[in-house]
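J.: If you read the sequences in order, they're chains A and B. Numbering follows the working numbering, with no gaps: position 89 of the first sequence is 89. Just so we're on the same page, the working numbering is the position in the second sequence counted from 1, plus 1000.
Be aware that a few hints might be false.
Stated by the list, open to error - Label pairs and their calculated CB-CB ranges:
#1 A:P89 to B:R1172: 42 to 52 Å
#2 A:F61 to B:L1177: 52 to 62 Å
#3 B:R1205 to A:P89: 15 to 25 Å
#4 A:R17 to B:A1248: 37 to 47 Å
#5 B:R1205 to A:R17: 51 to 61 Å
#6 A:T26 to B:V1422: 29 to 39 Å
#7 A:T6 to B:T1217: 44 to 54 Å
#8 B:I1325 to A:A22: 31 to 41 Å
#9 B:K1449 to A:E49: 35 to 45 Å
Said to hold, decoys possible - Examples of chain A residues lying across from chain B (beta carbon under 8 Å, computed):
#10 P29
#11 L33
#12 E44
#13 L60
#14 G62
#15 A76
#16 M83
#17 M86
Said to hold, decoys possible - Here chain B is said to cover these stretches of chain A; the calculated rule only asks that three of the stretch's residues, wherever they fall, bring their Cβ under 8 Å from a Cβ of chain B:
#18 34–40
#19 68–75
Keep in mind the hints are simulated off the structure, nothing from the lab. Built from N, CA and C at the ideal position, the CB exists for glycine as well.
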Amino acid sequence: MSDTFTLALGNARVGFRGRIDALDMTRAPDAGLPAPELERRLLELGFVEGATVELLHQGLFGGDPIAVRVAATTIALRRREAMAIMVSPS
Amino acid sequence: MNATVDLAPIVALVGNPNCGKTALFNTLTGSRQKVANYPGVTVEKKLGRLTTPGGRAIQLLDLPGTYSLRARSPDEEITRDAVLGKLANETPPDLIVCVGDSSNLRLALRLVLELKHVGRPVMLALNMMDIAKKRGIEIDMAKLSAELGVPVVSSVAVRRGGTESLLAELDRRLSDLPKATAADWQAPDAGALRGAQREADRVLRATVRMPAAPDVTTSRADKILLHPVAGIIILLAILFVMFQAVFAWAKPVMDIIQASFDWLGATVATAPLPELLRSFLKDGVIAGVGSVIVFLPQIVILFFFILLLEDLGYMARAAFLMDKIMGGAGLHGRAFIPLLSSFACAIPGIMATRVIDDRRDRLTTILVAPLMTCSARIPVYTLIISAFIPDREVWGFVGLQGLVMFGLYAAGILGALSVSFVMKRLFWRSTVGEPFMLELPDYKIPQAKSLAMGIFARAMAFLKRAGTTILSMMILIWVLASFPEAPDGATGPAIGYSFAAMLGHLLEPVMAPLGFNWQINVALIPGLAAREVAVGALGTIYSINGGDEAAQQIGQALAHQWSLATALALLAWYIFAPQCASTLAVIRRETGGWKWMWITFGYMLTLAYIAALIVYQVAAALGAG
Chain A
1 MSDTFTLALG
11 NARVGFRGRI
21 DALDMTRAPD
31 AGLPAPELER
41 RLLELGFVEG
51 ATVELLHQGL
61 FGGDPIAVRV
71 AATTIALRRR
81 EAMAIMVSPS
Chain B
1001 MNATVDLAPI
1011 VALVGNPNCG
1021 KTALFNTLTG
1031 SRQKVANYPG
1041 VTVEKKLGRL
1051 TTPGGRAIQL
1061 LDLPGTYSLR
1071 ARSPDEEITR
1081 DAVLGKLANE
1091 TPPDLIVCVG
1101 DSSNLRLALR
1111 LVLELKHVGR
1121 PVMLALNMMD
1131 IAKKRGIEID
1141 MAKLSAELGV
1151 PVVSSVAVRR
1161 GGTESLLAEL
1171 DRRLSDLPKA
1181 TAADWQAPDA
1191 GALRGAQREA
1201 DRVLRATVRM
1211 PAAPDVTTSR
1221 ADKILLHPVA
1231 GIIILLAILF
1241 VMFQAVFAWA
1251 KPVMDIIQAS
1261 FDWLGATVAT
1271 APLPELLRSF
1281 LKDGVIAGVG
1291 SVIVFLPQIV
1301 ILFFFILLLE
1311 DLGYMARAAF
1321 LMDKIMGGAG
1331 LHGRAFIPLL
1341 SSFACAIPGI
1351 MATRVIDDRR
1361 DRLTTILVAP
1371 LMTCSARIPV
1381 YTLIISAFIP
1391 DREVWGFVGL
1401 QGLVMFGLYA
1411 AGILGALSVS
1421 FVMKRLFWRS
1431 TVGEPFMLEL
1441 PDYKIPQAKS
1451 LAMGIFARAM
1461 AFLKRAGTTI
1471 LSMMILIWVL
1481 ASFPEAPDGA
1491 TGPAIGYSFA
1501 AMLGHLLEPV
1511 MAPLGFNWQI
1521 NVALIPGLAA
1531 REVAVGALGT
1541 IYSINGGDEA
1551 AQQIGQALAH
1561 QWSLATALAL
1571 LAWYIFAPQC
1581 ASTLAVIRRE
1591 TGGWKWMWIT
1601 FGYMLTLAYI
1611 AALIVYQVAA
1621 ALGAG
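Chain A extracted, bound-state conformation (with noise of 0.2 Å):
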């Protein structure tokens, strides 16, 4: 495992691109919603292991929301659910 390059998504900046390393939901204690309910929602917007990421965008008080590319769409979430998605820069 390349560990020391990954990160969690919820703390990249924009213009970070990368790829999908895991989801880990111990990662995102501070979600609004309970672990395997988040999993799903990532997983049914796409943030699947493998996947190309692209921080495009965020919002003006701590940078929250943030936009994010995942392979062909464009999803805007928050960053406590985006520490769930652990990256690797490419």
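With chain A held as given, fit chain B onto it using these hints.
T.: Coordinates of chain B only, in the frame set by chain A:
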């Protein structure tokens, strides 16, 4: 074949949000669709009819957009239950057409894989194929069909002939429909979703070739429109233009409508008719309905903007920009669209809250939606402002009347934010809200036809209301204001002897601290049916009262009869008062019980009374009484 309406096979359109499903539905069914009175863009279940080139009648069902049958919101529940045939009194669809955006098929393919488990025949329509081709996306349809195990056709909803292959395939499929098999669908867990998405990704790689250079239109536009600072400024500018348009553009048309009704009233006034009938037609029907229909242009313009922004793909961006700001007041980012719709009318706004997954977030939005200044308040505000607020400029460039109007809107918004804040903190004590997760679709050029159909549906819904609820209320008021007739030799105006006066006097002790006279009390009662009715009611009361006061001069009549403090108190009352029976009925329906309806009614009435009381007492103390 003598297939009756009910026997025509049902074809259900299912797809991700923003896949162009509704445009496809509109193209296929044209005007032959049944829509509810207040269809949200993707919220209502819509049924339409079409005949295929092979002469086959089909009932087409447009279902709310979803990513999975694993429903998380009331909106998605409808889709799941319809697809699975679980809806009461509804036959399950004979064929499911999964609609996918050709340039964004990844999530659609996973949905197809899931739909294959519901036991009904499934096919995939690759929608917006024209856009995909223009971008250089190549799709091997034969291979895609083989990989997925379902027929695949292309469709272009917006071009003539663009649905030919879809219609031909519908004909072919329905003539030899495979037997429905037992459904083995169950809500997928994370493992199943992961597996299905990987399979979808594999199919996508094998069948779709993306161009080397991705489309940049959307990302370029978003650099500006989603910019943390510029984005918010642009959003505010759009809202400003929107409200400016609602007032400025609508004016000429409104003047024409007003003039027509005035002419009609004047014609009736001189017609050789019995006195009572003439009064009924002129003061009851024409003045009443006219005072409401005059707002049709504003409603059309407001919905034009809302639907245009929705079709452009901007609404999701607005929610993105507003999420944090609204979150501070305890509202969900997704509440932005319902609350914006509520500026037109709270009913479509409340119905649009179905897209909010979390029940508490949804309830908060429903509760505060009626505080947004809906178009029905405009007639009341306009009337009172033009009668009492001098038409002059302050600070050299701002019209005072416009400023007061802005203040009323602002008061409604601040009221809504405060109420939601209090609800969130005091009642639910929750700090962590439902996550905000929303697809930001690529920008699309809106289709004039689809836009026109959407506006038309809403305009008709409004006219229907004006023609039924409001007309019957106007007649009721006229009766209340006309009977019993004044006794012979009576000295005062005839209305002083009517039922209306009795009701108004009955309420006087309660309303006197607000500066409301009995005429206002009378107008507020039918105003419960719909806010704008109060204007017509005041017209009826005062024109009957004054004898020769024409209905269009209500404003002047009011200026003579009311003090400024009373007028301001009435404005304050109208910001908060739950003066709309239809809204309350929708709240009852959408929350599934009386409880939240009465809570809404109660809190709004309390706020209205307190606000009007304070405004009147303060204004009177300052000498405006």
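J.: For every hint, state whether the structure bears it out.
T.: Verification of the hints:
| no. | hint | in the structure |
| --- | --- | --- |
| 1 | A:P89 to B:R1172: 42 to 52 Å | holds (49 Å) |
| 2 | A:F61 to B:L1177: 52 to 62 Å | holds (54 Å) |
| 3 | B:R1205 to A:P89: 15 to 25 Å | holds (22 Å) |
| 4 | A:R17 to B:A1248: 37 to 47 Å | holds (46 Å) |
| 5 | B:R1205 to A:R17: 51 to 61 Å | violated (19 Å) |
| 6 | A:T26 to B:V1422: 29 to 39 Å | holds (34 Å) |
| 7 | A:T6 to B:T1217: 44 to 54 Å | violated (33 Å) |
| 8 | B:I1325 to A:A22: 31 to 41 Å | holds (33 Å) |
| 9 | B:K1449 to A:E49: 35 to 45 Å | holds (42 Å) |
| 10 | P29 | violated (10 Å) |
| 11 | L33 | holds (6 Å) |
| 12 | E44 | holds (4 Å) |
| 13 | L60 | holds (4 Å) |
| 14 | G62 | holds (7 Å) |
| 15 | A76 | holds (5 Å) |
| 16 | M83 | violated (11 Å) |
| 17 | M86 | violated (14 Å) |
| 18 | 34–40 | holds (count 4) |
| 19 | 68–75 | holds (count 5) |
Of the hints listed earlier, those the structure fails to meet are numbers 5, 7, 10, 16 and 17, in rising order.
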